[in-house]
Amino acid sequence: MGNLNKVFLMGNLTRDPELRYTPNGAAVASFGIAVNRVWNSPEGEQKKETCFVDVSIFGKRAEVINKYFSKGKPIFIEGRLQFRQWETKDGQKQNKLSVVVEDFQFVGDRVKASSERQAVPQGDIAPVEAGPEVVREDVSDDEIPF
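For reference, each letter of the sequence shown is one residue, going 1249 to 1394 in our numbering.
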């Protein structure tokens, strides 16, 4: 039987990314995201639960995350689960399940607020200056290629 370790999550950052570098110079960013779930109970009452997930990302993408994301910003991530075990100094065993991001996408506003008006890049694409957003309402459904 084959194995599959793939995670897709969309949520909001719970803290600003923390960017570090390994001894060999590779960038590593760590942050957390909150993923919300809303459902109706059998009694008809709307319920909400939040799952908090620790996340890490490596390389150039870590630097992009550090530059363009902050606490509260939405993000869509694709990655894999990583399980770690260790023993503390006092002999207690600790476990942690986290996500290692392999790819991500910006979610929500593509343009930063205020006078910056800098377009948010996708993945490793360099940022470009953004002009006023143009919305065409005269486009029919037949003209859309997807």
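Keep in mind that a hint or two might mislead.
DMTMM-like cross-link-like pairs, simulated, lysine to aspartate or glutamate; straight-line CA separation at most 20 angstroms [what the hints assert, rightly or not]:
no.	residue 1	residue 2
1	LYS1254	GLU1326
2	LYS1296	GLU1326
3	LYS1295	ASP1351
4	LYS1308	GLU1326
5	LYS1315	ASP1264
6	LYS1344	GLU1311
7	LYS1254	GLU1335
8	LYS1344	GLU1291
9	LYS1308	ASP1338
10	LYS1254	GLU1266
11	LYS1308	GLU1350
12	LYS1254	GLU1350
13	LYS1321	GLU1291
14	LYS1315	GLU1297
15	LYS1321	GLU1293
16	LYS1315	GLU1350
17	LYS1319	GLU1266
18	LYS1319	GLU1293
19	LYS1315	GLU1291
20	LYS1296	GLU1350
21	LYS1254	ASP1302
22	LYS1319	ASP1302
23	LYS1308	GLU1335
24	LYS1321	GLU1335
25	LYS1254	ASP1338
Bear in mind the hints are in silico, worked out from the structure with no lab data behind them. Quantities reported herein were computed from a predicted structural model and do not represent experimental measurements.
Hint check results:
1. LYS1254 <-> GLU1326: Distance ~7 angstroms between LYS1254 and GLU1326 Cα, so the pair holds.
2. LYS1296 <-> GLU1326: Violated - the C-alpha atoms of GLU1326 and LYS1296 are around 23 angstroms apart, more than 20 angstroms.
3. LYS1295 <-> ASP1351: Judged against 20 angstroms, a Cα distance of about 31 angstroms means the pair is violated.
4. LYS1308 <-> GLU1326: holds (16 angstroms)
5. LYS1315 <-> ASP1264: holds (10 angstroms)
6. LYS1344 <-> GLU1311: Violated, because 24 angstroms separates the two Cα atoms, which is more than 20 angstroms.
7. LYS1254 <-> GLU1335: violated (27 angstroms)
8. LYS1344 <-> GLU1291: violated (35 angstroms)
9. LYS1308 <-> ASP1338: Roughly 37 angstroms between the alpha carbons, so the hint for LYS1308 and ASP1338 is violated.
10. LYS1254 <-> GLU1266: Violated, because 24 angstroms separates the two Cα atoms, which is more than 20 angstroms.
11. LYS1308 <-> GLU1350: holds (11 angstroms)
12. LYS1254 <-> GLU1350: The given pair, whose Cα atoms are some 10 angstroms apart, holds under the 20 angstroms limit.
13. LYS1321 <-> GLU1291: Distance ~33 angstroms between LYS1321 and GLU1291 Cα, so the pair is violated.
14. LYS1315 <-> GLU1297: The given pair, whose Cα atoms are some 29 angstroms apart, is violated under the 20 angstroms limit.
15. LYS1321 <-> GLU1293: Since the Cα atoms of LYS1321 and GLU1293 sit roughly 29 angstroms apart, the hinted pair is violated (cutoff 20 angstroms).
16. LYS1315 <-> GLU1350: holds (17 angstroms)
17. LYS1319 <-> GLU1266: holds (11 angstroms)
18. LYS1319 <-> GLU1293: Not satisfied, since the Cα-Cα distance of roughly 30 angstroms exceeds 20 angstroms.
19. LYS1315 <-> GLU1291: violated (45 angstroms)
20. LYS1296 <-> GLU1350: Outside the cut-off at roughly 28 angstroms; violated.
21. LYS1254 <-> ASP1302: holds (15 angstroms)
22. LYS1319 <-> ASP1302: holds (13 angstroms)
23. LYS1308 <-> GLU1335: violated (32 angstroms)
24. LYS1321 <-> GLU1335: violated (34 angstroms)
25. LYS1254 <-> ASP1338: violated (34 angstroms)
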